[in-house]
Amino acid sequence: MKFEELKGLIEEKVRDLGAEVSGKEPNVIEVKVPREKVVEAAMRLRDMGFDHVKAVTAVDYPNERFEVVYVSSSYSNLDLAYFLVNLRTDLPYDDPRMPSLLEVWPSVLYQEHEEHDLMGIVFEGHPRMGERLLLPENYEGIPPLRKEFKVKTEGINA
Amino acid sequence: MVCALDGSMWVGNLEKAARKAAAWLVNKTPIRSLREWGIAFSLWPVHFTTACCGAEFGASAAPKFDTERFGFLPFIASRQCNVLFIEGTLSKKMAEAAIWVYEQMPDPKFVIAMGACGIDGGIFWNSYNVVRPKDILPVHVYIPGCPPRPEAVAQAIIMLQRKIREGELVTYEV
Amino acid sequence: MSLEERELEVLIGPQHPASGHMRLVAKIDGDVVVELRPNIGYVHRSVEKLAEVKKYLQIIPLVERPSLADTTANNLTYVMAVEKLLGIEPPPRAQYLRTLLAEINRIHSHFYGMGIHGVMIGSSTAYMWCFGDREPLIELAQELTGARLTYSYIVPGGVRRDLPQGFEDKVEKVMRYLENRMPDYFDLYFNNPVTRARLEGVGVLSREDAIRLGVAGPNLRASGVPYDVRKVEPYAAYPELDFEVVTEEAGDAFARVMVRVREIQESIKIIRQVLKKIPDGPILNEKYMKMIPPNLRKQVEETGRIKFPGVFANLRVPAGEAIARVEGGRGEVIFHIVSDGKMSPYRMRMVTPSFRNVILFEHLTRGVRVADIPAIYGSLDYFPPEADR
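Same order as they appear, the protein sequences are chains A, B and C.
If you want the numbering used here, it's the position in the first sequence, counting the first as 1, plus 9.
If you want the numbering used here, it's the position in the second sequence, counting the first as 1, plus 16.
If you want the numbering used here, it's the position in the third sequence, counting the first as 1, plus 344.
Source of the hints: derived by calculation from the structure; they are not laboratory data.
All of these numbers come straight from a predicted model, not from anything done at the bench.
Wrong hints could be hidden among the right ones.
No more than 30 Å apart at the CA atoms, straight line, and that leaves these computed lysine-lysine pairs for BS3-like [as the list claims (entries may be wrong)]:
| # | chain 1 | residue 1 | chain 2 | residue 2 |
| --- | --- | --- | --- | --- |
| 1 | A | K63 | A | K11 |
| 2 | C | K631 | A | K33 |
| 3 | B | K108 | A | K63 |
| 4 | A | K63 | A | K46 |
| 5 | C | K631 | C | K620 |
| 6 | C | K621 | C | K517 |
| 7 | A | K16 | C | K428 |
| 8 | C | K575 | A | K63 |
| 9 | C | K428 | A | K63 |
| 10 | B | K36 | B | K179 |
| 11 | C | K575 | A | K16 |
| 12 | A | K11 | A | K41 |
| 13 | C | K575 | A | K33 |
| 14 | C | K428 | A | K11 |
| 15 | C | K620 | C | K575 |
| 16 | C | K642 | C | K399 |
| 17 | B | K150 | B | K125 |
| 18 | C | K575 | A | K41 |
| 19 | A | K63 | C | K686 |
| 20 | A | K159 | B | K150 |
| 21 | C | K517 | B | K80 |
| 22 | A | K33 | C | K428 |
| 23 | A | K16 | A | K63 |
| 24 | C | K575 | A | K22 |
| 25 | A | K161 | C | K686 |
| 26 | A | K161 | B | K108 |
| 27 | B | K108 | A | K159 |
| 28 | C | K399 | A | K161 |
| 29 | A | K156 | B | K108 |
| 30 | A | K156 | C | K686 |
| 31 | B | K108 | C | K399 |
| 32 | B | K32 | B | K125 |
| 33 | A | K156 | C | K399 |
| 34 | A | K161 | B | K150 |
| 35 | B | K80 | C | K613 |
| 36 | A | K156 | A | K46 |
Whole structure, please, built from the sequences with the hints as guidance.
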């Protein structure tokens, strides 16, 4: 399948959700949807054959927004496996919650849990919210991957 | 206690005297060196992998480097071991476990800290989740390197043995 | 007694014979596991956070540390992501050298996994053999790069060193040794009725579940999914090389081990092709080569060892995002780098195959006997520092 062709196909599928579809040659397709529509968009992508998530990345833009990126691709259809579809959504900085995509993609179980643990994003509907994954049980304070959490540095960066 | 032997009379605490004699005897050269020799060649590190240096620790127990020739063989249960090998970084969660394991080990017990992380956090020195072993355990031998080569592990074992045989580490208290 | 009352919670680890840096929380009913939850995070060292305060070149050693037995995969993926942002391509010879090291690393990573699996199912011989036979490969990598495990060999734009003299012969010798050695493994380990009894039919992962759970690497291929990044999105020199994607249909613990064994044989094939086809030429991108001062450049050409140009010290990467993926020994490694044009990445997401396979502990152990837990654990080739990062 060609890049432009697939991009057009995805655009057609998710247009009515208010999605912005863009692409980065040769194989990355970006789909940006509002957070209310993210489950629906994920379902449509899954039905197209993007059957698993490789990575969930949450990015912190202080006092502006959080961005959550689901990097999905296909195992069952090797024609699609070449492409990575990034499903993105923006969350307001003071209210970082979004619906969990666990129902759509079971492969996000640990990935979403980790972003919750380290970035403090709440995935509604995820059964393990509030539990620690990587940090010690008694950890309190700012989630460490946020920009306001500073680690020590040395040398000219300090 | 009073004891009559051949008509002479000894006065004192026999049990205390016997302990004193035993302590004197056990710290006297032939027995003491025999005991230290025995400890030095029966080092049993507990099977407790703390971080990535475990890969090199595994290699040092394998055929090419074979630390078993020093009487050094990883063993399963902490109750039967006397060496705690900190293999690299100690995270906060793991540090708790390390203390539990250390407390369960019978005396005399020794700690070897492996890798740059075992000394001062190494490449992860500014991580929020790293504990320095020397803050929580009495470390006897450090192995620098990231990761240390298996030869360095062997060297550390020899150093520990030497320390034991010089009588620095093991004291016999009554 | 009701079922709830009969259930017992057992904590396995983090100090346990299977040399893992993790705790398994098992709910058992008699001898049968009702539910098992891995409690990870015992080796969490915040690589992603530290990357935000380190410079691009300093991150190479940092990302290698978590998966010590399979460092090339992380090194290569990270550098590929940075190269995508920089918009540079390494020269062909460097591509081949990367492939060579990646394959050497794949073989010894598989041996590592099989050896640890041997310990877990109580076969010390397998451990001794695997770790013993890993050494010649480590020696090769050491001669090529200068380190036993942490190579940091791959840098943006190329590799650090050229082939040493007479390296081809040594590689060939090791490959011949491995080929002659593999039948012994089958005689003593894989065809051993005890091994078979412990592994066959244990921890079966169906094709649908493997896809649904997003499993990576040999564990995926053992369930009959022919997904291999080397074929799907070829990188380095793989487009020009001829090899097969190894799959097994059974999906059980034995199939997962068999995929590794057969991948070792494929890797031997790849290494031979690499050494036959490797082109002559520079090993660092022309753009960076020009930045090396002339007197040092002469030295580089004579010795085949790169002197880093000054620009590497404060490498600035243009703003943007890049995702790179590589098939490492344990599976697919993903790096997602968000750059804001400064000297450190704005956000670096590192997804390792072990982290994606954690989910299998929950899935595969439901309803198995307690004694099967080590057999399943080992067959996943799970490396906790890699999962926790």
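Against the structure, the hints:
1. A:K63 with A:K11: holds, 22 Å
2. C:K631 with A:K33: holds, 24 Å
3. B:K108 with A:K63: holds, 28 Å
4. A:K63 with A:K46: holds, 21 Å
5. C:K631 with C:K620: It holds: about 27 Å lies between the C-alpha atoms, which stays within 30 Å.
6. C:K621 with C:K517: Roughly 18 Å between the alpha carbons, so the hint for C:K621 and C:K517 holds.
7. A:K16 with C:K428: holds, 21 Å
8. C:K575 with A:K63: holds, 17 Å
9. C:K428 with A:K63: holds, 19 Å
10. B:K36 with B:K179: holds, 25 Å
11. C:K575 with A:K16: Cα-Cα ~22 Å, so holds.
12. A:K11 with A:K41: Distance ~21 Å between A:K11 and A:K41 Cα, so the pair holds.
13. C:K575 with A:K33: Distance of about 21 Å is within 30 Å: holds.
14. C:K428 with A:K11: Roughly 21 Å separates the two Cα atoms, so the pair holds.
15. C:K620 with C:K575: It holds: about 20 Å lies between the C-alpha atoms, which stays within 30 Å.
16. C:K642 with C:K399: holds, 28 Å
17. B:K150 with B:K125: holds, 15 Å
18. C:K575 with A:K41: Roughly 29 Å between the alpha carbons, so the hint for C:K575 and A:K41 holds.
19. A:K63 with C:K686: holds, 27 Å
20. A:K159 with B:K150: holds, 25 Å
21. C:K517 with B:K80: holds, 18 Å
22. A:K33 with C:K428: Answer holds: A:K33 to C:K428 is near 11 Å, not above 30 Å.
23. A:K16 with A:K63: holds, 19 Å
24. C:K575 with A:K22: holds, 28 Å
25. A:K161 with C:K686: holds, 18 Å
26. A:K161 with B:K108: holds, 17 Å
27. B:K108 with A:K159: With Cα atoms ~18 Å apart, B:K108 and A:K159 stay inside 30 Å; holds.
28. C:K399 with A:K161: holds, 14 Å
29. A:K156 with B:K108: holds, 22 Å
30. A:K156 with C:K686: holds, 15 Å
31. B:K108 with C:K399: At roughly 26 Å apart (the allowed maximum being 30 Å), C:K399 and B:K108 satisfy the hint.
32. B:K32 with B:K125: With Cα atoms ~27 Å apart, B:K32 and B:K125 stay inside 30 Å; holds.
33. A:K156 with C:K399: holds, 17 Å
34. A:K161 with B:K150: holds, 20 Å
35. B:K80 with C:K613: Holds. B:K80 to C:K613 sits at ~26 Å (cutoff 30 Å).
36. A:K156 with A:K46: Holds - the C-alpha atoms of A:K46 and A:K156 are around 27 Å apart, at most 30 Å.
Hint compliance for this structure: every hint is met.
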